[in-house]
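Participant: Chains A and B supply the protein sequences, listed in that same order.
Mapping the first sequence onto the numbering used here, position 132 (from 1) lands on 1555, and the numbers just tick up by one.
Mapping the second sequence onto the numbering used here, position 62 (from 1) lands on 67, and the numbers just tick up by one.
Each hint should be verified, as a subset may be incorrect.
Pairs of lysine to aspartate or glutamate residues, derived as EDC-like cross-links and limited to a Cα-Cα distance of at most 20 Å, are as follows [as the list claims (entries may be wrong)]:
#, chain 1, residue 1, chain 2, residue 2
1, B, K423, A, E1599
2, B, K191, B, D205
3, B, K423, A, D1522
4, A, K1616, B, D257
5, B, K145, B, E127
6, B, K196, A, E1599
7, B, K426, A, E1509
8, B, K196, B, E182
9, B, K426, A, E1599
10, B, K426, B, E147
11, B, K426, B, E394
12, B, K415, A, E1509
13, A, K1596, B, D257
14, B, K429, B, D222
15, B, K347, B, E368
Simulated from the structure, these hints should not be mistaken for laboratory data.
Each chain is listed here by its residues.
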Amino acid sequence: MAAADTSQPVAKAAGENLTRGRSRGRLRRALGTHWYAWTMVAPVVLVLGVIIGWPLVRGIYLSLTDANERNVGRTIGANHIEATYEFIGLDNYTAVLGDPVFQQRLVWTVIWTVACVSITFTLGLVLANMLNRSFKGRGFYRMALILPWAVPGFVSVFAWRFLFNRDNGILNKILEGGGIAGVPWLDDPTWAKFAVITVNVWLGVPFMMVALLGGLQSIPGELYEAAEMDGASAWQRFRHITLPGLRAVSMTVILLSTIWTFNMFPVIFLLTRGGPGDATEILVTQAFREAFVESPRDFAGSATWGVLILLLLMMFALVYRRSLRKQGEMW
Amino acid sequence: MRRGIAATALIAALALAATACGGDDKDAGGDTKAGGELSGTVTWWDTSGDAEKATFKKIAEAFTAKHPKVTVKYVNVPYGDAQNKVKNAFSSGSDAPDVIRADVGWVADFASLGYLDEVPAETAKKVDAEFLKQAAASGKYEGKTYAVPQVIDTLGLFYNKKMLADAGVQPPKTLEELKTAAAAIKAKTGKTGLYLRGDDSYWALPYLYGEGGDMVDAKTKTVTIDNAAGVKAFKAARDLVTSGAATTNATDGFTNMQAAFKSGEVAMMVNGPWAVADTYAGEQFKDKANLGVAAVPAGSAGQGAPQGGHDLAVYAGSKNRTAAHAFVEYLTSQEVQVQTTKELSLLPTRTAAYEQPDVKGNEMVTFFKPAVDKAVERAWIPENGSLFEPLKVEWTKAVTGASSPEDAAKSAGTSFRKILKGWK
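Work the whole structure out from these sequences, hints included.
Facilitator: Here it is in structure tokens:
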């Protein structure tokens, strides 16, 4: 799965190179003038090709077969088992797409992504604006807000899991101390969804904040001074200077954040294991379940889910890019 | 004893060499020369719980005292992650353990995938002759023996004697009695009667058996989880929760259950011998006599708990198979089994071990042994372990009320048929 995600920018870059060097003459000229650049890049391209390209091709191939743990070839000690899986065309895809489970997961994955990204972005923007002013202890607040980012992801997710524990968790102890009935954070489908979104937002805000803070600091102060001279209100300044000034940064972080959230395996898997029941299962965690929870492990089925996830993200990126271009933003 | 084990190892090595000569392309076991002393490193992945692992580590390392040239590497792998971890290691071959402690439900699966080394013929004969029949059955796949049973267990109803006495009730024998008892406990002590695990489908089995159902019928290749008995089982469990007789959780069930029972928040729980050592550590059980165990409450069709336990198996790709098999033999020896009973209240798998005073006198054994004898043997099919995952999803939904018992049973059946291709 990891290979599938990261391969995307590479595929895109490759696509651009192709369009640029469409005529052979231009390609030769480019090679002639920039041969040293190509030489420098070659090892990277080679390594990426091996560690990303090959698994990707192999994954796509597997998704067109009926390979599973039982019928792939392997040698374990004295046991030699021949590969007996077969090419079955698009059967896996029709099976997955025809399964209501896929649609259910897709709907929740979209809700989860939109909710997480919009909340993270809004909070990040507010915090960045607050921290962009000069006030006492600014450095401390900046550090404190970056903390979630510094802690390894699984550690913070496990910490949250303890906080959310219905019977012994701190959150419910506090609520009960205040005379409010404890909340079944991870035991009720709706609360569990709320809980996973909360944790993901908590994890995602520092990145947004830092990126947007950088963007804010690159907006020239004169613009604000001029606007103030013209009698623009704070809101007008925010709308007409800050937001346009941040556009390039925010478009990029929203795209990145969308892709990350869409594929945010650890938060869901470690916090709820997709539960209660299967209420918080997103596409990637479902793909993991298909591949690694049942026996024999269904490699083909999992590859199918992986390819579908990749296709969805590529579609999203294309649409996103097109809409940016319409707004006159080159990205 | 020492000579005994060396002799066994010698026989095991000879047996391996014999199969190698017999035209079979199996290579003779690793770096140990037949007839020589055992040597090499044996890595053991043990899945025992937090309260048990220190004992097993000690036992494992004691093997070196008997075979100085063998280094034992003890690794504790949490039970919950073990099945996946073992599979990853076995299929990739890198850093794979030589010996694993496998849940009885995993053996057929691992064996069918070619991951396990067959038990040497001599040992296999002993397993048939000297071990409990039900335990021995779990280590077999298609007539061959792939694992030696280490412990056997089943589920029972653990109860807090004092809390039940305070409420003036007897340990309940049926679900109806359980509800009455829970109501009395609530009225007298303000605490909840039962902790019902909603996050693990193994705990669904007593309800399923209690209503006369099962997950599958392997003989007729039929999925039975979604028949009338299955639906009734889901209903019975949900009813315990809605009536207030039981409390449940969809996550962290084992931890929460142990915490609630040990601190006296709940008066009863369904659990197995593996939880005894941890339970004794609780404040309510400083006096060990306060812990009572009874058979799981019966449903409308009778009383039934699943047969469980752990087997020890050797990885087919192990470089030290001879030493590994000797290690397994040691871990399943009567001496070690008596020790684990004495220290952890686990049930031996050797028939003769039950004659030993330390085992005979163990209170948990006096309860659990008859329970194990009556326990429902599961279908030892390769898919056994896989069925618990989809069942878990539906079991959680049913007991927490996220879906109706009928819907839950039905979708569990659908998932089962997806895994068991061609079954009715």
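Participant: All the hints need checking, so say for each whether the structure fits it.
Facilitator: How the hints compare with the structure:
For the hint pairing K423 of chain B with E1599 of chain A, the CA-to-CA distance comes to about 44 Å; that exceeds 20 Å, so the pair is violated. Distance hint between K191 of chain B and D205 of chain B is unfulfilled; the C-alpha atoms sit about 25 Å from each other, more than 20 Å. Between K423 of chain B and D1522 of chain A, the direct Cα distance comes to roughly 12 Å. Compliance with the 20 Å bound is thereby established for this hinted pair. In summary, the hint linking K1616 of chain A to D257 of chain B is supported, as the alpha carbons are separated by about 17 Å, within the 20 Å threshold.
Distance restraint check for K145 of chain B and E127 of chain B: the Cα-Cα separation of roughly 15 Å lies within the 20 Å cut-off, and the hinted pair is therefore satisfied. The hinted pair formed by K196 of chain B and E1599 of chain A meets the criterion: a straight-line CA distance of about 16 Å does not exceed 20 Å. Proximity of K426 of chain B to E1509 of chain A is assessed by CA-CA distance (about 17 Å); at most 20 Å being required, the pair is judged to hold. A threshold of 20 Å between alpha carbons decides the hint, and for K196 of chain B with E182 of chain B the separation of about 17 Å falls inside it, so the pair holds.
A threshold of 20 Å between alpha carbons decides the hint, and for K426 of chain B with E1599 of chain A the separation of about 49 Å lies outside it, so the pair is violated. For the hint linking K426 of chain B to E147 of chain B, the alpha-carbon distance of about 19 Å falls within 20 Å, and the restraint holds. Note on K426 of chain B and E394 of chain B: the hinted pairing holds, with a Cα-Cα distance of about 17 Å set against a maximum of 20 Å. For the hint linking K415 of chain B to E1509 of chain A, the alpha-carbon distance of about 32 Å lies beyond 20 Å, and the restraint is violated.
Taking the CA atoms of K1596 of chain A and D257 of chain B, the gap is near 17 Å; set against the 20 Å cutoff, the hint holds. The suggested pairing of K429 of chain B with D222 of chain B holds, with an alpha-carbon distance near 10 Å, which does not exceed 20 Å. Our distance criterion of 20 Å between C-alpha atoms is met by K347 of chain B and E368 of chain B, whose separation comes to about 10 Å.
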